[in-house]
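Colleague: Residue strings, one per chain:
There are 2 protein chains.
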Amino acid sequence: MDDLQRFSVHYLIVARSGSDADKLAEEIAIEQTAEMPPETIPEPLRHSFTGKVVICKEAGNHQYEAVISYPLAVAGNELTQCLNMIFGNISMKPGIRLSGIGWHALRHLFPGPYYGIEGIREKLHIYNRPLSCSALKPVGLNSAQLANRCYQMAKGGIDIIKDDHGLVNQTSAPFYDRVETCMAAVEKAADETGKRAAYFPNITGDCFDTWRRYEIAQSLGASGVLISPQLTGMSAIKSLRDSEPVLPVMAHPTFSGSFVMDKDHGFTPELYYGFLWRALGADTVIYPNSGGRFSFTDDECRKINGALRDESSPFKKAFPTPGGGIQRETIGKWIDRYGMDTIFLIGGSLYQHKHGLETAVREFQDEIENHA
Amino acid sequence: MDDLQRFSVHYLIVARSGSDADKLAEEIAIEQTAEMPPETIPEPLRHSFTGKVVICKEAGNHQYEAVISYPLAVAGNELTQCLNMIFGNISMKPGIRLSGIGWHALRHLFPGPYYGIEGIREKLHIYNRPLSCSALKPVGLNSAQLANRCYQMAKGGIDIIKDDHGLVNQTSAPFYDRVETCMAAVEKAADETGKRAAYFPNITGDCFDTWRRYEIAQSLGASGVLISPQLTGMSAIKSLRDSEPVLPVMAHPTFSGSFVMDKDHGFTPELYYGFLWRALGADTVIYPNSGGRFSFTDDECRKINGALRDESSPFKKAFPTPGGGIQRETIGKWIDRYGMDTIFLIGGSLYQHKHGLETAVREFQDEIENHA
Numbered sequence: 078m079d080d081l082q083r084f085s086v087h088y089l090i091v092a093r094s095g096s097d098a099d100k101l102a103e104e105i106a107i108e109q110t111a112e113m114p115p116e117t118i119p120e121p122l123r124h125s126f127t128g129k130v131v132i133c134k135e136a137g138n139h140q141y142e143a144v145i146s147y148p149l150a151v152a153g154n155e156l157t158q159c160l161n162m163i164f165g166n167i168s169m170k171p172g173i174r175l176s177g178i179g180w181h182a183l184r185h186l187f188p189g190p191y192y193g194i195e196g197i198r199e200k201l202h203i204y205n206r207p208l209s210c211s212a213l214k215p216v217g218l219n220s221a222q223l224a225n226r227c228y229q230m231a232k233g234g235i236d237i238i239k240d241d242h243g244l245v246n247q248t249s250a251p252f253y254d255r256v257e258t259c260m261a262a263v264e265k266a267a268d269e270t271g272k273r274a275a276y277f278p279n280i281t282g283d284c285f286d287t288w289r290r291y292e293i294a295q296s297l298g299a300s301g302v303l304i305s306p307q308l309t310g311m312s313a314i315k316s317l318r319d320s321e322p323v324l325p326v327m328a329h330p331t332f333s334g335s336f337v338m339d340k341d342h343g344f345t346p347e348l349y350y351g352f353l354w355r356a357l358g359a360d361t362v363i364y365p366n367s368g369g370r371f372s373f374t375d376d377e378c379r380k381i382n383g384a385l386r387d388e389s390s391p392f393k394k395a396f397p398t399p400g401g402g403i404q405r406e407t408i409g410k411w412i413d414r415y416g417m418d419t420i421f422l423i424g425g426s427l428y429q430h431k432h433g434l435e436t437a438v439r440e441f442q443d444e445i446e447n448h449a
Numbered sequence: 078m079d080d081l082q083r084f085s086v087h088y089l090i091v092a093r094s095g096s097d098a099d100k101l102a103e104e105i106a107i108e109q110t111a112e113m114p115p116e117t118i119p120e121p122l123r124h125s126f127t128g129k130v131v132i133c134k135e136a137g138n139h140q141y142e143a144v145i146s147y148p149l150a151v152a153g154n155e156l157t158q159c160l161n162m163i164f165g166n167i168s169m170k171p172g173i174r175l176s177g178i179g180w181h182a183l184r185h186l187f188p189g190p191y192y193g194i195e196g197i198r199e200k201l202h203i204y205n206r207p208l209s210c211s212a213l214k215p216v217g218l219n220s221a222q223l224a225n226r227c228y229q230m231a232k233g234g235i236d237i238i239k240d241d242h243g244l245v246n247q248t249s250a251p252f253y254d255r256v257e258t259c260m261a262a263v264e265k266a267a268d269e270t271g272k273r274a275a276y277f278p279n280i281t282g283d284c285f286d287t288w289r290r291y292e293i294a295q296s297l298g299a300s301g302v303l304i305s306p307q308l309t310g311m312s313a314i315k316s317l318r319d320s321e322p323v324l325p326v327m328a329h330p331t332f333s334g335s336f337v338m339d340k341d342h343g344f345t346p347e348l349y350y351g352f353l354w355r356a357l358g359a360d361t362v363i364y365p366n367s368g369g370r371f372s373f374t375d376d377e378c379r380k381i382n383g384a385l386r387d388e389s390s391p392f393k394k395a396f397p398t399p400g401g402g403i404q405r406e407t408i409g410k411w412i413d414r415y416g417m418d419t420i421f422l423i424g425g426s427l428y429q430h431k432h433g434l435e436t437a438v439r440e441f442q443d444e445i446e447n448h449a
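Protein chains in written order, with the numbering used here: chain D, 78 to 449; chain E, 78 to 449.
Don't read these hints as lab results, they were simulated from the structure. One or more of the hints may lead you astray.
Stated by the list, open to error - To give an idea of the interface, some chain D residues facing chain E are shown, with a C-beta separation under 7 Å as derived from the structure:
no., residue
1, 117
2, 118
3, 372
The beta carbon of each residue, even a glycine, is placed where N, CA and C say it ideally should be.
All chains should be modelled from the sequences, with the hints used to inform the complete structure.
Modeller: The following block contains the structure:
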């Protein structure tokens with residue numbers, strides 16, 4: 078690899094003055110590469126194996142924007158090491174927030190979505206409208222009870238049924254048993270209605286369990302999988318493509334909030350859930366919608382959507398999958414706001430419907446299909 | 078498993094009043110288990126499969142301390158699902174910080190250290206004094222150059238040499254080649270001095286690479302390994318024990334700062350680096366020392382040390398490994414402050430010594446051995 082090939086990262090840094098910001102940017106460039114006092118770095122490496130501050134300029138709001146270019150040679154051939162470079166040790170310093178990454182130079186490290194928006198549409202044969210998704214829950218029900226809920230949702234015409242992200246391999250509904258039973262329920266509904274709902278079991282688990290569950294999901298014919306990158310480790314999705322058939326991956330944001338909750342630290346939500354998780358290989362990314370139980374703003378949600386579908390990224394586009402705050406009555410507004418290339422995740426409110434889950438899903442589905 | 082067995086988690090929550098705090102605590106208890114509107118949770122599960130607020134009381138500083146008990150049945154048999162329960166979706170809500178976990182009920186999920194402080198001392202034959210550690214760096218040097226540094230540090234009498242956490246499998250010093258060459262350098266020094274330094278290569282990598290590197294480290298006779306749990310996924314350490322010989326694990330805090338930097342969000346540093354990483358199975362935990370380049374206070378460092386060695390935890394004690402801010406001249410002060418059961422990690426300042434690395438290490442080592 079050419080030692081001079083580099084990739085760039087944009088940081089918003091809190092500083093009292095331009096010179097403080099310059100100093101901090103220089104410190105980041107060294108901390109994240111050689112991590113030694115500059116005068117102790119062996120001469121030939123000072124140029125080729127350290128970060129370089131490209132520019133550092135005022136960005137308003139006590140923040141400065143620093144662009145640092147890092148040598149690809151330091152990232153080696155691993156996305157975990159790339160993450161280590163962009164936000165490793167400096168994650169333990171206050172006042173540093175990542176706002177951009179130059180993805181084109183990193184295409185060899187990050188896989189991006191295998192299917193993306195177009196591939197999922199082709200797999201599901203659904204075009205020209207948003208997709209619907211609901212969560213199978215709660216944990217504690219047995220496989221037959223969960224499968225019964227799957228059946229009702231499938232009968233109601235839902236596009237995608239995903240496991241609750243807390244359904245793993247509990248005794249109440251062990252993974253293999255649950256997936257097999259739920260697949261059969263979806264199949265039964267398909268025989269009756271002519272439309273097959275896609276079922277995405279949650280494969281998140283300790284260590285190798287994630288891969289074992291992926292293989293089970295493949296063997297049982299699941300349409301896709303749910304995974305929580307902050308629980309499995311962020312490189313997990315990359316490895317799922319090693320065996321056929323590759324299944325679409327829906328990423329869940331559990332345990333990730335600390336990276337995006339502080340305006341002066343971590344990542345902007347659009348960089349984290351949008352560009353980064355798309356780069357990791359998520360075909361669809363769940364995030365907490367504005368207006369629900371969580372605290373993301375309209376503007377942040379729009380920016381996440383924009384990042385997942387950004388044309389300038391070298392990766393396939395991924396489906397924004399806002400969850401929370403969406404009811405049947407308001408779905409039209411959300412479609413107008415977020416556009417066709419969105420998967421709308423509706424959970425709790427379906428279970429509240431007085432005429433049951435199947436009716437609730439059908440009404441929700443009608444709104445989605447008719448509004449479009 | 079008895080549905081009524083539970084484990085407890087302590088949260089510090091920001092609220093304007095006691096009743097707001099009570100309400101928020103109830104929301105956490107449901108969000109982290111059934112994750113549905115309470116009235117939609119099937120009757121038999123409302124008691125046995127949801128979190129319960131045990132107590133919620135004022136804790137000062139606009140915070141309330143809520144203790145929530147969660148059913149073990151929801152955690153299943155996985156530490157990732159346990160993490161999902163304690164701080165999954167609520168990581169995306171502001172004003173929630175974890176301050177304690179009832180570990181005794183979680184012994185079946187978390188392995189704790191295999192060696193711990195006593196086991197590492199036995200393995201290294203070092204008793205009644207603190208241990209020394211230095212980092213092999215920078216990335217960009219080839220294996221022979223790194224091995225030469227290993228040799229100098231080993232000749233100087235260092236106890237443990239760890240890879241820089243940014244050394245992975247770069248072309249400049251590929252993993253197998255680096256470990257083999259550095260092991261030989263350590264061996265040569267041991268033949269000459271009679272003391273064998275322990276070498277801990279960094280096995281952190283994408284997906285399965287972590288395990289492949291662990292196996293290589295085992296086969297080449299490394300004394301231990303370095304791993305970054307936030308890059309590999311937090312359950313990775315657990316799986317390393319499946320093959321013999323089990324190697325001591327030193328955990329590195331890279332990419333983890335977001336979890337502990339906000340006084341109102343995430344985890345207290347002592348819970349995260351102390352109790353949690355000890356529970357994950359780290360035998361030694363590196364953290365950024367006060368007085369160095371990072372922002373932890375004396376008090377936070379003392380509490381991390383306390384948590385790693387806490388007698389009430391059901392797991393073996395782990396070695397605090399403060400890094401940063403430690404020079405030869407100040408090591409006596411740090412030993413007095415942190416105690417014998419500490420590994421002192423000294424990095425950059427050794428490389429600044431005008432008489433070279435071996436002399437620098439010897440002087441540092443003399444201070445450690447003589448002060449004790």
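Colleague: Determine for every hint whether it applies to the structure shown.
Modeller: Taking the hints in turn, this is what the structure says about them:
1. 117: holds (4 Å)
2. 118: With a minimum Cβ separation of about 6 Å from chain E (threshold 7 Å), the hint on residue 118(D) holds.
3. 372: holds (6 Å)
Taken one by one, the earlier hints all hold for this structure without exception.
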